[in-house]
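The whole structure should be built from the sequences, with the hints applied where relevant.
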Amino acid sequence: MSTDPFSASIIPFEVPEQVRAFAEKGVSQAREGYAKFKDAAEAHNGTIEAVFTSVNKGASAYSAKVMEFIKANSTASLDFAQELFGVKSPAEALELWSSHTKKQLEAYTAQAKELAELGQKIATETAEPIKATAAKYYKPAA
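The opening position of the sequence shown corresponds to residue 913 in my numbering, with each subsequent residue numbered one higher.
Quick caveat, the hints were computed from the structure, so don't treat them as lab data. C-beta: ideal position from N, C-alpha, C; glycine also. Hints should not be assumed to be uniformly reliable.
Listed below are the simulated DSS-like cross-link pairs for lysine-lysine, each with C-alpha atoms no more than 25 Å apart in a straight line [to be verified]:
id: 1; residue 1: Lys-948; residue 2: Lys-977
id: 2; residue 1: Lys-1025; residue 2: Lys-1014
id: 3; residue 1: Lys-1033; residue 2: Lys-950
id: 4; residue 1: Lys-969; residue 2: Lys-1025
id: 5; residue 1: Lys-1033; residue 2: Lys-977
id: 6; residue 1: Lys-983; residue 2: Lys-950
id: 7; residue 1: Lys-1043; residue 2: Lys-948
Pairwise CB distance ranges (calculated) [said to hold, decoys possible]:
id: 8; residue 1: Glu-1029; residue 2: Ala-1005; range: 34 to 40 Å
id: 9; residue 1: Tyr-1020; residue 2: Ala-973; range: 18 to 24 Å
id: 10; residue 1: Arg-943; residue 2: Lys-1025; range: 53 to 59 Å
id: 11; residue 1: Glu-961; residue 2: Leu-1006; range: 53 to 59 Å
id: 12; residue 1: Lys-977; residue 2: Phe-997; range: 27 to 33 Å
id: 13; residue 1: Thr-1021; residue 2: Leu-990; range: 54 to 60 Å
id: 14; residue 1: Ala-947; residue 2: Lys-1043; range: 20 to 26 Å
id: 15; residue 1: Arg-943; residue 2: Ala-1044; range: 26 to 32 Å
id: 16; residue 1: Glu-961; residue 2: Gly-1031; range: 20 to 26 Å
In structure tokens, the structure reads:
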């Protein structure tokens, strides 16, 4: 006979069925919880990537539009300066100046409106992945 106190021949020990079922249920719930956590983490990573992609794309579009406006405004100013050198009287210069100022104010107004609309579009597109993820994981209270 063995003198090992933990030997099965000395201490006959059997795990009761209820304890075993409880332990198996705990392990099963832990696996399910981990799977849900992993899915949520992967979805959030995808959301963050989508947001950064949208921001990058939007910033590029916005910068391109600003550069387009700078070029147009610079060209208009150079054209105005060239026309101003060709005037023959102060009255003609004043008329040219007034006309140019009016055109530029209209252009600036249209450009500001276009940039505001583009900014709003970019903000909406950037928020869309966040809204989609939030709707998926956070159901509104009934």
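| query | Between Lys-977 and Phe-997, is the Cβ distance one that fits in 27 to 33 Å? | reply | Since Lys-977 and Phe-997 have Cβ atoms about 31 Å apart, the given range 27 to 33 Å holds.
| Pairwise beta carbon distance, Arg-943 to Ala-1044, judged against the given window 26 to 32 Å | Hint holds: Cβ distance 27 Å, inside 26 to 32 Å.
| Arg-943 and Lys-1025, beta-carbon distance inside 53 to 59 Å? | The hinted range 53 to 59 Å holds for Arg-943 and Lys-1025, with Cβ atoms some 56 Å apart.
| field | Outcome for the supplied range 20 to 26 Å, where the beta carbon pair is Ala-947 and Lys-1043 | value | Holds, at about 25 Å.
| request: With respect to the beta-carbon atoms only, verify the hint that Thr-1021 and Leu-990 lie 54 to 60 Å apart. | output: violated (21 Å)
| query | Between Glu-961 and Leu-1006, is the Cβ distance one that fits in 53 to 59 Å? | reply | Distance hint for Glu-961, Leu-1006 holds at roughly 57 Å.
| query | Between Glu-961 and Gly-1031, is the Cβ distance one that fits in 20 to 26 Å? | reply | holds (22 Å)
| Hint check for Ala-1005 and Glu-1029 - Cβ pair distance inside 34 to 40 Å | holds (36 Å)
| message | The hint says 18 to 24 Å between Tyr-1020 and Ala-973; measuring C-beta to C-beta, is that right? | response | holds (20 Å)
| message | Hinted pair, alpha-carbon criterion (25 Å max): Lys-969, Lys-1025. Please report holds or violated. | response | holds (20 Å)
| Does Lys-983 pair with Lys-950 here, judged by a C-alpha cut-off of 25 Å? | Roughly 49 Å between the alpha carbons, so the hint for Lys-983 and Lys-950 is violated.
| field | Hint consistency between Lys-1033 and Lys-950 [alpha-carbon to alpha-carbon, up to 25 Å] | value | violated (32 Å)
The structure fails to meet hints 1, 3, 6 and 13 from the earlier list, while all remaining hints are met.
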